[in-house]
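Protein chains in written order, with the numbering used here: chain A, 1 to 112; chain B, 1 to 112; chain C, 1 to 112; chain D, 1 to 486; chain E, 1 to 486; chain F, 1 to 486.
Hint data in this document are derived by calculation from the structure and do not stem from the laboratory. There's no promise every hint is true.
[To be verified] Derived DMTMM-like pairs (lysine to aspartate or glutamate); straight-line CA-CA distance at most 25 angstroms:
1. K266(E) to E32(A)
2. K144(F) to E472(F)
3. K327(D) to E18(C)
4. K40(C) to E472(F)
5. K2(B) to E106(A)
6. K325(F) to E472(E)
7. K85(B) to D416(D)
8. K325(D) to E50(C)
9. K256(F) to D15(C)
10. K40(B) to E472(D)
11. K266(F) to E18(C)
12. K2(C) to D15(B)
13. K2(A) to D66(C)
14. K327(E) to D468(D)
15. K34(B) to E32(C)
16. K325(E) to D466(D)
17. K40(A) to D14(C)
18. K34(C) to D15(B)
19. K34(B) to E18(C)
Being a predicted model, the structure only gives us computed values, none of them experimental.
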Amino acid sequence: MKLITAIIRPFKLDDVREALTDAGVSGITVTEVKGFGRQKGHTELYRGAEYQVDFLPKLKIECAVDNAAFDAALEAIMSAAATGKVGDGKVFVIGLEQATRIRTGEIGTDAL
Amino acid sequence: MKLITAIIRPFKLDDVREALTDAGVSGITVTEVKGFGRQKGHTELYRGAEYQVDFLPKLKIECAVDNAAFDAALEAIMSAAATGKVGDGKVFVIGLEQATRIRTGEIGTDAL
Amino acid sequence: MKLITAIIRPFKLDDVREALTDAGVSGITVTEVKGFGRQKGHTELYRGAEYQVDFLPKLKIECAVDNAAFDAALEAIMSAAATGKVGDGKVFVIGLEQATRIRTGEIGTDAL
Amino acid sequence: MRSDLREDSMHTFIAHASITHVSPRPPQWAWLWLLCICGSVSAQSAAPVPSLSKPDTVWVLVSACLVIFMTLPGLALFYGGLVRSKNVLSILMQTLAVFAVVAILWALYGYSLAFTEGNAFIGGLDRVLAHGLDANALAATFSKGVYIPELAFFVFQGAFACIACALVVGAFAERVKFSGVLLFTVLWFTFAYLPMAHMVWFFPGPDAFTSNAMAATATAKAGYLWARGALDFAGGTVVHINAAVAGLVGAFMVGKRIGYGREALKPHNLTQTMVGASILWVGWFGFNAGSALEANGTAALAFVNTFLATAAAVVAWTALEWLHKGKPSLLGAASGAVAGLVAITPAAGLVGLMGALAMGAITGALCLWGVGGLKRWLRADDSLDVFGVHGVGGIAGALLTGVFAAPRLGGAGLWDYVSERASPDYNLLAQLWIQLQGVLVTVALSGTVSLLAFVIVKYTVGLRVDADAEREGLDIATHGENAYAN
Amino acid sequence: MRSDLREDSMHTFIAHASITHVSPRPPQWAWLWLLCICGSVSAQSAAPVPSLSKPDTVWVLVSACLVIFMTLPGLALFYGGLVRSKNVLSILMQTLAVFAVVAILWALYGYSLAFTEGNAFIGGLDRVLAHGLDANALAATFSKGVYIPELAFFVFQGAFACIACALVVGAFAERVKFSGVLLFTVLWFTFAYLPMAHMVWFFPGPDAFTSNAMAATATAKAGYLWARGALDFAGGTVVHINAAVAGLVGAFMVGKRIGYGREALKPHNLTQTMVGASILWVGWFGFNAGSALEANGTAALAFVNTFLATAAAVVAWTALEWLHKGKPSLLGAASGAVAGLVAITPAAGLVGLMGALAMGAITGALCLWGVGGLKRWLRADDSLDVFGVHGVGGIAGALLTGVFAAPRLGGAGLWDYVSERASPDYNLLAQLWIQLQGVLVTVALSGTVSLLAFVIVKYTVGLRVDADAEREGLDIATHGENAYAN
Amino acid sequence: MRSDLREDSMHTFIAHASITHVSPRPPQWAWLWLLCICGSVSAQSAAPVPSLSKPDTVWVLVSACLVIFMTLPGLALFYGGLVRSKNVLSILMQTLAVFAVVAILWALYGYSLAFTEGNAFIGGLDRVLAHGLDANALAATFSKGVYIPELAFFVFQGAFACIACALVVGAFAERVKFSGVLLFTVLWFTFAYLPMAHMVWFFPGPDAFTSNAMAATATAKAGYLWARGALDFAGGTVVHINAAVAGLVGAFMVGKRIGYGREALKPHNLTQTMVGASILWVGWFGFNAGSALEANGTAALAFVNTFLATAAAVVAWTALEWLHKGKPSLLGAASGAVAGLVAITPAAGLVGLMGALAMGAITGALCLWGVGGLKRWLRADDSLDVFGVHGVGGIAGALLTGVFAAPRLGGAGLWDYVSERASPDYNLLAQLWIQLQGVLVTVALSGTVSLLAFVIVKYTVGLRVDADAEREGLDIATHGENAYAN
Ligand SMILES: Nc1ncnc2c1ncn2[C@@H]1O[C@H](COP(=O)(O)OP(=O)(O)O)[C@@H](O)[C@H]1O
Ligand SMILES: Nc1ncnc2c1ncn2[C@@H]1O[C@H](COP(=O)(O)OP(=O)(O)O)[C@@H](O)[C@H]1O
Ligand SMILES: Nc1ncnc2c1ncn2[C@@H]1O[C@H](COP(=O)(O)OP(=O)(O)O)[C@@H](O)[C@H]1O
């Protein structure tokens with residue numbers, strides 16, 4: 001099993017979720033985050049004080065998938081989240097040692 | 001060492017934290033997240049516009065434990081977070097290569 | 001590649017980001033979290049009701065780095081985030097199986 | 001001692017039976033005879049046709065506006081900030097819906113039952129369905145020959161009814177059923193608010209007090225507590241004690257919130273609560289000073305006392321909390337403000353400035369105990385401390401009014417409508433006993449009606465949402481919306 | 001049927017041509033002849049020097065303050081809460097900037113073109129650059145010989161112009177260009193608002209109505225719709241229908257928001273919207289009751305109707321939503337409140353209390369359809385339902401005013417300025433037709449001017465921000481700031 | 001040149017010594033001789049018993065209410081939105097507590113020291129502990145024979161004292177110690193605010209100006225700056241410059257916030273700030289127009305100018321920011337509004353409409369520099385720009401009042417209380433010099449008192465919280481609560 005973590009543009013959430021559902025992923029967890037990277041931020045001005053804001057709002061999507069579904073899921077995210085402009089985000093993949101469903105105690109692939 | 005990530009129902013936080021403390025876990029980190037899964041959401045209505053909301057508020061609990069404490073910690077979360085109804089959440093386990101305490105620079109199990 | 005996850009004090013964000021930039025890290029993702037650990041919280045009083053608040057605001061910083069940059073990055077965080085008082089936080093390191101840049105599809109070190 | 005007090009006051013009351021017209025000034029709003037210009041002006045009275053006082057009309061309309069502002073958005077925000085974010089819309093919605101329903105009932109029958117002549121406990125049906133309430137109808141004030149449009153009086157009083165009913169909902173916030181709130185409101189408004197308003201405020205107007213004999217006749221037509229001489233300038237009993245008792249009964253009947261006493265049930269937005277408290281303060285100038293019904297020195301006095309008592313209560317609560325808990329909280333200061341406002345309500349035009357400061361400080365301290373020690377002792381989950389603030393503050397205010405209205409303590413004493421000046425007599429203990437009677441009648445009536453009403457609600461539409469809905473929050477579960485989004 | 005109606009009313013109109021002074025009372029604010037005390041008082045008139053009525057001055061100043069409060073912060077919050085958090089500052093800024101620009105234009109030429117004598121469609125230039133507007137200038141009210149400072153009338157009316165222009169921006173929120181809003185405002189204010197205000201409200205004041213002959217002369221100088229006898233107590237046509245039509249045209253011209261119909265474009269803060277609605281309600285007492293220009297029974301009636309119609313609309317919307325959708329929402333109740341307020345605006349001082357309840361309930365129901373069925377049918381992204389609430393409510397209110405102003409339905413009927421009492425005649429169908437004419441003229445004028453104005457804006461400064469800016473949010477993209485931070 | 005100016009004005013002053021009664025109209029609120037009806041009316045005066053003017057009473061009470069509204073919640077929100085969320089409660093609490101403390105001090109001794117006869121710099125002790133302040137006491141207005149309840153004047157003025165003291169706290173927000181704020185307030189109120197109020201506003205009332213001789217006598221009893229003829233209609237010097245200087249001194253004494261100049265210290269809620277600014281605007285109508293003390297043409301003029309100058313300042317700030325920085329911000333527009341309000345305060349009833357527009361526009365531009373260039377130059381961390389807006393705006397307003405009050409520029413000129421009409425003479429340069437003197441006296445007095453007061457605070461209760469508390473936020477650290485939760 002793998003844990004896919006994707007940093008995406010906020011307005012792409014619905015597209016990504018639909019793409020993942022189509023790819024057979026049954027659950028995801030989403031976190032609001034601030035990203036700092038190549039994409040440049042903006043300047044904010046509050047009366048005399050000017051601030052350069054480098055952190056941009058992004059969403060982090062986490063989804064645990066079994067190895068069989070991995071490629072499809074990754075592909076789904078990649079195509080749904082892309083705009084082609086700087087700041088589209090990243091996908092990180094981590095090996096998942098174990099997954100459990102709290103309600104039933106099911107373990108492994110069954111838990112997803 | 002392992003990093004346990006649990007997605008739980010928000011109102012279970014206090015129970016889970018107490019159970020973890022009893023199981024000897026000394027620290028946790030909590031994030032507000034939105035979850036999408038089997039549990040069904042609700043409909044919201046704003047004047048004429050009806051929206052189906054599939055994302056539900058959940059909490060993500062992260063705690064790094066050494067291998068010895070792992071079983072107890074997992075068990076603590078599993079029993080404290082369960083209600084038996086759809087939407088109780090998941091526990092994901094990831095191998096932790098290294099942990100450091102910033103204040104002291106302690107490394108590994110000592111850092112937890 | 002490794003995924004460094006640091007839990008730090010909120011007011012250290014700018015220092016840490018600068019230190020990481022100096023260490024050659026090109027991107028980070030930041031999440032607002034609540035931490036529970038050795039650092040003690042405070043009491044809040046709302047009319048007759050007194051609440052002990054154990055969760056403290058922290059920031060979680062995630063950054064994916066290639067192995068070559070890892071030591072510098074870790075060191076950067078450690079020194080920039082430390083105050084020497086309880087509650088400075090932790091750094092967790094996890095092995096990263098894969099990283100992809102959504103915009104270009106680049107994979108691995110190129111994606112960071 | 002108690003019976004002495006009682007004897008004394010009774011004696012006083014009987015001995016002075018012929019001067020029962022020595023009544024509070026302005027005891028409170030007296031709705032007077034309807035003076036339909038086109039109507040039957042009694043032939044024997046050669047009195048000039050009563051004419052409208054424009055400045056007093058402005059004053060009462062502005063005051064009505066301020067009292068409406070107290071509920072919407074004042075009270076709604078004050079309460080809304082104190083609940084968790086998942087329930088804020090439910091409290092706003094309850095406030096708004098209760099306001100709207102009561103406004104309509106006020107026009108349909110409420111005003112008539114409260115402010116037309118009936119018996120000592122309830123009014124008549126003359127104004128049902130707004131009959132005769134047109135732009136020409138006049139209502140008396142507290143001065144002979146000074147009139148305002150009856151519609152101005154109607155809406156000023158209507159705003160009081162609305163806020164009284166809305167106050168109650170704070171006690172069982174975060175778990176009550178919306179339909180239950182509405183049904184309870186209709187019942188309580190009809191059977192507790194209207195009789196209280198009639199008993200405390202109705203009298204046949206100053207023009208009827210032409211001689212001691214006429215005064216006795218007029219007083220016989222007045223409401224029960226008015227006739228007894230209970231002092232309640234702007235509605236401490238009718239509005240605050242009344243609502244607070246209903247709230248307390250409700251808190252018991254609806255039961256505690258899930259997690260009460262274990263989880264942190266914290267206010268979600270204290271800025272909002274502070275804004276609400278501020279708006280309450282601002283609006284309360286209309287509530288209290290508007291109750292003079294005229295733009296005169298009494299109105300100015302009521303205004304100033306509303307300024308000073310509140311300030312004193314803010315300082316008292318803050319200082320005590322600082323001393324006892326180590327930290328002076330904003331929520332404490334804001335609660336102190338409301339406590340001071342409640343306390344000065346029955347006294348506003350009747351006590352002196354130093355009396356107002358004293359009343360504010362004393363009540364601020366008492367209400368701090370009301371939301372702490374007393375609350376723990378009562379063991380009810382009165383979510384937003386309706387009883388701790390409005391009940392304790394209301395009772396303290398009612399009794400202290402009897403004290404500080406005394407001329408030797410700087411108060412205005414009792415008003416004699418016949419001679420049109422303050423009566424030289426003031427028996428402090430007797431008045432205190434009368435005040436206590438006012439409190440007891442209110443507690444008994446409101447307690448009984450509320451209990452019955454909640455029982456009816458429980459066995460019809462239901463009182464409480466189910467546990468899942470309570471956990472999810474009433475906003476989504478009951479109203480299908482979320483207060484906050486991105 | 002239609003043509004019958006038309007014939008009938010035309011007939012009525014012509015037949016009664018000699019009594020066209022039977023006009024609404026107060027049809028609305030009449031700005032009167034400027035009465036510069038130092039000026040040329042015609043020698044043949046032995047009338048006493050007109051003097052200022054202080055209570056009415058207070059009333060109009062307080063009302064002006066309330067109307068300003070409606071826009072800032074009332075409308076700003078009502079609208080601000082309904083957009084996404086990334087656009088809230090843009091809506092607040094548009095409201096504030098539009099308010100400020102219109103206030104300045106009002107002093108420069110707006111007041112003069114609306115409220116001095118000109119032709120039937122637009123006023124003159126006497127007051128351009130505030131010429132002659134000093135502390136001594138007086139304006140008439142609706143009663144002979146009763147005057148207020150012209151500056152009080154000036155600012156009361158100015159506040160109306162400001163809110164009318166600010167109302168429009170809700171229709172194309174979240175994507176419009178700031179400079180476009182400003183340019184549009186200048187054009188629409190000048191070519192749609194000012195003529196409408198003149199046509200509906202201008203007349204030479206009650207003092208001119210000394211006889212039937214003089215009345216005919218005076219009426220000939222009045223605005224087009226005033227002369228026809230259209231009833232609009234406080235500005236349903238001039239403000240609400242006018243602005244709503246502009247909004248609807250704007251929604252079409254600017255186009256739909258990105259994601260409209262696919263993504264959830266949810267209100268970011270309904271507490272804010274509720275506060276805004278409450279403030280609108282509170283301020284509307286000044287808007288409606290202040291339109292009487294005097295603190296009299298008519299003002300009190302307008303005040304009470306503003307209280308009751310709104311309550312009825314809240315209850316109607318809530319009940320229907322509960323029935324149809326299963327959940328009574330706060331946003332629904334708040335929208336109902338605004339719908340009720342819009343509906344009662346033209347009727348406030350003209351209908352009875354039960355008429356007000358009926359108007360509120362009917363309009364509450366109609367506007368629920370306005371933001372649902374009608375909106376889907378119109379296929380415009382009128383973001384904040386300006387047309388669904390202000391348009392539908394305004395039209396319903398204008399027509400229902402013709403119904404419930406009928407004396408037999410409890411209304412005040414038509415006012416005869418010559419005899420200074422209500423005229424005994426009231427032809428309901430004829431009046432309804434006149435009301436409809438008022439609606440049609442407003443729709444036609446505002447629609448045409450808006451269309452032209454938006455075209456001009458589109459081809460000069462531009463109407464819409466680019467897609468990236470819309471996605472990022474107008475707050476950052478256009479104004480360089482964020483509403484919320486830690 | 002300067003000395004010329006000075007000579008000239010001194011000359012003017014001396015030459016016209018016999019007509020020093022040619023004083024501003026209404027220079028500002030004059031508290032008059034207490035007219036205890038029951039008191040000793042001098043036997044030789046056959047004047048009729050002074051009686052209360054009800055419309056003016058309404059006007060002053062409503063205005064008092066509006067001024068209170070400015071502070072609570074207006075200023076609290078305006079300031080609260082500008083700090084970080086961890087400090088919002090601290091600023092709300094400081095505002096509320098300062099308000100409450102000053103209200104109490106006002107009753108205890110403040111009013112007496114400011115508004116009873118004493119010497120040119122401070123009043124007497126007649127009204128200490130509210131002695132004699134009952135419902136029958138009357139105070140004069142600016143017209144002979146027109147009286148309002150002294151309590152109405154008392155509370156109107158009290159509200160001014162409260163907001164002046166509350167204004168100061170914005171300058172050292174986010175790090176000041178709560179007990180320090182309270183102690184400072186007591187000192188500054190007593191030694192800076194009260195003398196300034198007495199110097200600028202106290203005079204023996206218009207009834208004393210029966211002849212030129214009597215006028216000289218009366219003027220000799222007036223406050224120092226009043227007697228000099230300084231124009232300050234509603235308190236530009238007393239309130240704004242006074243508070244701004246205190247704030248600036250405080251900002252220096254308390255020191256910069258941790259992270260100032262390095263971290264982003266962003267406003268946490270600009271919606272809140274906008275609401276605060278709007279409420280300030282609305283309340284300011286009472287502040288300025290209420291300062292006429294009567295509901296007359298002057299009040300209407302002050303009201304209109306408060307409408308127009310503010311609008312002009314909003315537009316000026318917005319336009320300049322748009323030009324210079326590329327983006328017109330809401331915070332800029334809101335700050336512009338406050339700048340315009342500050343500017344028009346001393347001029348409200350004294351300048352014409354076009355003068356008000358000019359003053360607003362000029363001051364809007366100057367204050368934009370005040371929060372930018374000037375602030376950088378001053379190198380003080382005046383957190384919420386109290387000096388940049390209230391100081392710069394106040395000084396500009398004071399001087400421009402001298403310009404635009406000139407009759408030839410549309411202003412009202414100087415009022416002659418003896419002839420009860422405007423004096424035909426107006427020496428612009430002389431008046432400007434008098435205005436400058438007012439500014440200098442204020443800066444000197446407030447600067448000195450503030451410095452001493454802050455030193456006292458520093459070495460007693462302390463001025464600043466420790467670094468950990470500042471980092472954690474004052475809400476938790478000082479007040480034990482959090483503003484926002486779920
Ligand atoms: N090395 C990294 N570790 C963690 N997150 C990163 C890293 N680099 C980028 N990110 C995240 O990805 C987002 C997009 O990255 P950015 O460099 O702006 O554009 P792109 O993904 O197109 O190269 C950033 O805002 C940040 O949240
Ligand atoms: N594959 C997954 N990857 C990441 N998070 C998941 C996944 N599946 C479920 N979740 C999270 O767990 C929560 C609960 O899952 P759900 O399917 O609703 O119920 P249950 O856990 O009872 O099966 C979801 O809201 C989501 O946050
Ligand atoms: N075992 C753990 N797993 C996950 N997060 C932890 C763990 N222990 C501590 N933390 C996080 O680190 C923060 C700091 O820890 P704490 O024990 O308070 O101080 P210190 O890092 O100085 O030992 C906590 O608030 C929590 O967010």
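Can you give the numbers of the hints that this structure goes against, from lowest to highest? Violated hints (numbers, rising): 2, 3, 7, 12, 19; every other hint is consistent with the structure.
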